[in-house]
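Peer 1: Protein sequences appear in the order of chains A and B.
Each residue of the first sequence is one higher than the one before, starting from 1 at the first, in our numbering.
Each residue of the second sequence is one higher than the one before, starting from 1 at the first, in our numbering.
Calculated from the structure, these hints are not laboratory results.
Incorrect hints may appear among the rest.
Unchecked claim - Taking lysine-lysine and the DSSO-like style, the derived pairs with C-alpha atoms no more than 30 Å apart in a straight line are:
no., chain 1, residue 1, chain 2, residue 2
1, B, K538, A, K80
2, B, K554, A, K150
3, A, K440, B, K82
4, B, K277, B, K82
5, B, K538, A, K440
6, A, K440, B, K202
7, A, K80, B, K554
8, B, K160, A, K440
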Amino acid sequence: MRVASDVGGTFTDLVYCDFDAETGKAGEIKIAKAHTTPPNFEDGVLNAVEKAGINPAEIDFFAHGSTVVINALTERKGVKTGLLTTAGFRDVLEIARGNRPDLFNLAFQKPAPFVERHLRREVQERTCYQGQVETPADLSGLAATLDYFKKEGVEAIAICFLHAYLNPANEQAVADEIKNLWPDVSVIASHEISREWREYERTNTTVLSAYVHPIAETYIQRLENKLADKGFGGSLYMMQSNGGISTASAAKKNPITMVESGPASGIHAAACLGEITGHKNLIVLDIGGTTAKCTLIEDGHVRVSTNYYIEKDHKSPGYPIQTPVSEIVEIGNGGGSIAWLDAGGKMHVGPHSAGARPGPAAYGQGGDKPTTTDANLVLGRIDPKSFVGGDLEPDWTALENAFAPLCEGLGASQEEVARGVIRIANANMVNALRLVSVNKGYDPRDFALIAFGGGGAMHAVALADELNIPHVIVPVNSSVFSAWGMLMTDLRRDYIRTAPMAFDDDHAALIADRFSALMQEATSEFAEDEADGTSLIFTPYVDARYVGQEHTVKIPVAYTADGSVDTLRSLAAFHETYEREFTYRLDLSVEIVNLHLVASKPVAKANPVARPVTGAKIEDVILHTRSVDFDEHGLHEATIYDGLRLETGMELSGPAVIQEPSVTLVVPPAHTACVDAYGNYHIHAEPAGKGE
Amino acid sequence: MTDIFTREIIKDALQAIGDEMFSAMIRTSMSPIIYETTDFAVGVTDTKGNLIAQGNGVAAFLATLDTAVQSLLEHHPAKTLKEGDLFITNNPYEGGGTHLSDVVIILPVFFEGELVAFTVNKAHWMEVGGTFPGSVSTTSTEIYQEGLRFSFLRLYDGGKANESLIQLIRDNVRLPDSTIGDMQAGIAAARVGAARITEIAKKYGKDGMADAIEDLLDYGERMTRLELAKLPNGTWQAEDIVEEDGLGNGPFTLKVSVTIKDDEVIADFTGTSDQAKGPINCSYTGLATGARTVLKAMTNPDIPANGGSFRPLTVICPPGTVISAQAPAPVSIYYEPLIAAIEVMWKALQPILPSRLPVGHQRTVGATFISGTHPATGDLFVMGEPLVGGWGATADHDGDSGQFCCGNGETYNIPVELAESRYGFQVTRYSFDEREGGAGKFRGGKGVVLDYKITADDAALTYSACRTTTRPWGTDGGLEGTLNGVTVFRADGTEEAHTMVNNLALGKGDTVRLVSATGGGYGNPAERPREAVAADLKNGFITPHEAENLYGMKV
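Use the sequences and the hints to build the structure in full.
Peer 2: Listed below in structure tokens is the structure:
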């Protein structure tokens with residue numbers, strides 16, 4: 001049995017299937033849901049296992065996506081952390097980069113550092129920019145510093161020294177001495193987390209890692225214990241932000257890698273479904289309650305970078321975390337996003353969200369502001385009879401009251417305002433989708449749009465039309481798509497090393513050597529944590545740029561048949577990628593900033609099985625018809641289909657709506673939808689073109 | 001006529017162009033002053049030069065894009081423009097002008113053969129020639145010493161590059177690859193914006209777009225007037241000084257009288273000192289930028305920066321002052337009088353807006369240039385960087401520590417690990433300055449100490465700052481902050497302090513110590529909550545002496 005669980009804000013999703021490791025045969029994918037149980041999230045996981053009626057002893061593979069790290073960070077629930085830096089640099093964490101995105105706010109306040117100044121202590125030591133130790137770490141004052149930390153209730157210590165990304169010797173010496181002097185304290189040195197330059201970013205990353213370390217470690221341990229109590233004897237894996245999984249023991253050592261595991265599994269799921277259905281170029285859209293996230297997958301390849309921040313927006317610099325994260329663009333636009341008028345009479349949708357509580361006005365839980373979900377209800381897109389999975393009767397009075405101030409302010413009817421809300425929400429999402437596609441030099445016509453999450457199916461077709469994306473894929477059971485993705489992941493580690501050097505023939509041998517050293521490092525680390533360092537797959541990349549520039553593009557390194565680095569082909573890829581993103585190429589030398597090795601160990605996949613065909617007729621799966629407003633396509637009597645009873649090969653035309661218990665797929669006029677072998681929906685605009 | 005929601009969508013799309021061009025510029029630039037300091041701005045104007053949208057790296061470019069287009073139209077009337085044209089200007093005394101290093105690129109955008117908009121950007125190029133490396137000087141006496149000057153020249157003529165002009169630039173700058181790279185980045189950003197405008201025009205029609213533009217400008221104006229109407233009517237004055245001009249002259253007085261009348265503001269700088277002999281002069285464009293910055297801060301910084309939002313503002317200043325300099329005044333350090341003008345205007349208004357406008361901050365860019373020969377590569381290096389410092393407190397909170405001054409913004413310091421690999425020095429300290437100052441119920445933010453130990457055999461330092469003899473002001477019992485300055489500790493054990501210094505010779509082993517000011521305090525320090533005083537003491541933000549004598553806390 002293979003199981004994946006994903007902890008969300010409201011529900012803990014479980015996706016599972018039988019799997020015969022010898023034959024590789026998988027059973028039907030099944031789903032269970034339980035309420036999320038903060039602060040003991042592992043209980044929700046176990047409840048979901050119980051609800052599914054699974055005997056934990058029969059599970060041999062258990063993948064888990066947890067929000068424990070991101071929650072501890074955003075709720076400031078980590079442990080008291082101390083920081084050791086190179087002498088002269090303890091304030092780097094607080095000075096940060098000095099930037100003020102909120103340019104014209106003269107009362108700006110930068111985000112507070114996670115370690116107060118008195119807990120930031122300095123060590124006499126120095127490594128120079130070429131990596132030689134100039135001054136070995138002076139350990140003589142360490143005992144006194146640790147005494148102070150103990151007295152202050154510090155539970156974790158971060159160490160970050162200048163140029164430790166090149167040579168970690170001084171950091172190691174201090175970490176070793178701390179372990180001697182104070183074996184119980186949690187210690188993380190920067191080189192264990194990041195081997196990239198930029199001291200503020202690396203220091204902050206190390207601090208945040210230390211801050212969540214004891215919490216994540218305890219959480220994983222509790223989950224392991226409770227599963228073991230129920231008889232589980234298989235392997236527990238944790239979902240990481242890079243789109244792979246790691247063993248529980250590796251995750252305990254470096255928990256910051258889990259920071260964005262939720263979105264990463266969704267993106268990975270999209271890549272897998274693309275692989276299965278033969279669509280390797282995908283624009284990915286995940287619309288949840290509060291935000292919409294999007295990314296682009298080219299030729300099956302998900303972009304992973306360390307250019308990641310939490311709490312960064314147009315007003316705040318946020319906090320950088322230099323860990324490999326699947327790149328996404330996230331905007332404050334989800335089902336619960338609130339529509340409002342500003343003082344100048346302009347309507348906005350989001351970024352404020354009504355969240356799960358009070359939720360949209362129609363929930364009748366005290367929400368008094370109209371949301372995107374309310375607008376979809378007004379326009380007949382959401383079926384009032386199966387609102388919130390049929391659990392809830394829409395509160396029409398609350399909804400009308402919520403819309404009234406906007407109707408008055410704009411002098412428009414409720415339907416007109418609702419249409420405006422959808423149009424503005426869609427425009428916001430189109431702008432985000434443009435950022436990952438058109439603005440990076442991609443032509444959306446070469447892609448399929450894959451949409452999931454609670455609201456993905458509702459908006460997908462309109463967004464695709466706007467961007468001229470010819471094909472929309474909505475996975476069946478798209479509300480638990482992310483959890484499914486975890487069943488399909490491999491073990492993965494990213495090794496990134498800042499190593500500035502010219503990218504030319506003279507350096508080809510050095511580049512190859514550096515990569516083989518990294519491969520060996522990966523092999524021994526896999527052997528240590530996963531108990532098996534064999535059959536790894538290595539993919540080397542470099543972050544490169546024109547000499548003199550700052551920002552890099554990531555390109556795969558090409559090898560010749562005899563195993564040496566093919567600079568000619570690699571550089572051609574660089575120029576091509578650069579030109580696509582920036583519209584021009586230069587006749588300049590190219591330099592490498594980072595080497596990036598992806599090491600993955602494939603896990604046998606439980607590939608989805610085809611849905612049985614009973615020969616039912618499409619008329620049999622029609623639920624009813626109702627009046628639905630398709631915005632620019634007009635108001636139509638639409639046919640409503642029961643999605644989970646649609647069968648392979650069935651085809652239908654808009655105006656229609658396909659409903660699952662928690663998914664609404666809007667198919668406007670002049671579009672057709674069909675169902676593939678696994679029950680996924682594919683929507684195309686009719687060749688005659690958009691509109692009537 | 002488009003419906004209201006479609007109009008909103010066109011408006012948002014127009015404003016998004018600012019962000020797109022901004023990221024194109026950053027990602028293609030060759031010099032840290034653009035990609036780390038983000039010393040640039042990008043924008044779109046309508047066919048008459050009314051600002052539609054602007055993406056800003058720094059606050060100090062707010063009036064430089066629209067006025068550049070307005071001046072372009074005086075030199076080259078709309079009917080003489082054709083598709084494929086692209087212009088370049090850095091003339092300080094006309095629209096768009098600041099100093100020669102800030103170069104403006106303007107691209108007229110055509111749709112179906114008709115002029116529909118301009119995309120424009122202005123960026124600090126690392127090198128535009130002149131007497132000293134980095135085209136910076138604290139001792140120039142005429143504009144001619146400061147570098148190449150372009151006055152609305154055609155860089156592209158109907159799609160064809162002006163190779164003679166490009167070669168002229170190449171031959172007259174010290175880092176031609178970097179300079180031409182910066183030029184390319186500006187062109188790329190302008191083209192990205194033009195492509196988006198064309199798309200919008202295609203999708204919604206020229207008229208739909210024009211309609212939305214008008215609506216957007218009116219919206220900006222309406223929002224600003226609504227905010228101004230909330231403020232009391234009256235006139236407020238303030239006065240401050242810029243200490244010196246680099247040649248030993250000074251101080252220079254800046255005077256302002258700000259009048260709020262219903263939903264309008266008039267900022268009158270009459271009474272300000274005549275322009276200086278040395279390069280601390282700023283042109284009228286710079287002054288307009290400064291006044292716009294304060295307008296945004298005193299209303300609502302979220303109101304989109306567009307031509308409409310600035311309509312309620314009138315700026316008055318007679319020509320020929322240090323903030324309305326005339327040709328051929330040197331202007332290399334224009335940003336110091338500019339930010340002094342910004343601060344003096346907010347100083348006038350601070351009593352009525354004590355939560356939105358802080359007391360005095362470090363009030364200097366503290367621009368530092370170190371050039372020399374890199375010891376490992378033998379190449380010429382030029383490091384140029386502003387310095388973070390301490391901000392003043394407000395009626396609600398302490399001043400921010402280690403932030404760039406009001407003229408900067410989305411400006412990033414250069415990471416030590418990158419700087420050491422690129423330039424001929426080692427950074428040996430970058431931390432808060434622990435000198436006393438800025439005490440208050442809410443205290444001033446801390447300035448910093450930054451030490452560069454020179455590893456190159458020979459190098460040179462250029463540095464300029466204000467608030468070197470006058471301190472950031474406090475109010476309501478809050479104390480003044482501290483001073484800015486640089487000290488050079490020579491390898492031979494001697495030391496020397498400077499406030500403005502040009503191309504000072506440095507040798508291997510010398511240490512350049514920059515210190516930035518701590519901001520002013522707000523309110524009586526004795527009223528500061530005891531827990532806050534205790535925490536400050538523990539964190540070394542105040543000294544035991546300050547705790548006892550100013551905050552009244554026994555240590």
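Peer 1: Next pair to validate is K440 of chain A with K82 of chain B; report whether the Cα-Cα distance is within 30 Å.
Peer 2: Holds, because 29 Å separates the two Cα atoms, which is no more than 30 Å.
Peer 1: Does K538 of chain B pair with K80 of chain A here, judged by a C-alpha cut-off of 30 Å?
Peer 2: Measuring from Cα to Cα gives roughly 16 Å; hence the hint holds.
Peer 1: Taking only the CA atoms, is the gap from K440 of chain A to K202 of chain B under or equal to 30 Å?
Peer 2: holds, 21 Å
Peer 1: Holds or violated: are the alpha carbons of K80 of chain A and K554 of chain B at most 30 Å from each other?
Peer 2: holds, 28 Å
Peer 1: CA of K538 of chain B to CA of K440 of chain A, is that 30 Å or under?
Peer 2: Given pair K538 of chain B, K440 of chain A is violated - Cα atoms ~49 Å apart, limit 30 Å.
Peer 1: What's the verdict on K554 of chain B and K150 of chain A, does the C-alpha distance respect the 30 Å limit or exceed it?
Peer 2: holds, 26 Å
Peer 1: Do the alpha carbons of K277 of chain B and K82 of chain B lie within 30 Å of each other, as the hint requires?
Peer 2: This hinted pair is violated, its Cα atoms lying about 41 Å apart.
Peer 1: Check whether the Cα positions of K160 of chain B and K440 of chain A lie no farther apart than 30 Å.
Peer 2: Satisfied, since the Cα-Cα distance of roughly 26 Å is no more than 30 Å.
Hints 4 and 5 from the list above are not met by this structure, while the remaining hints are.
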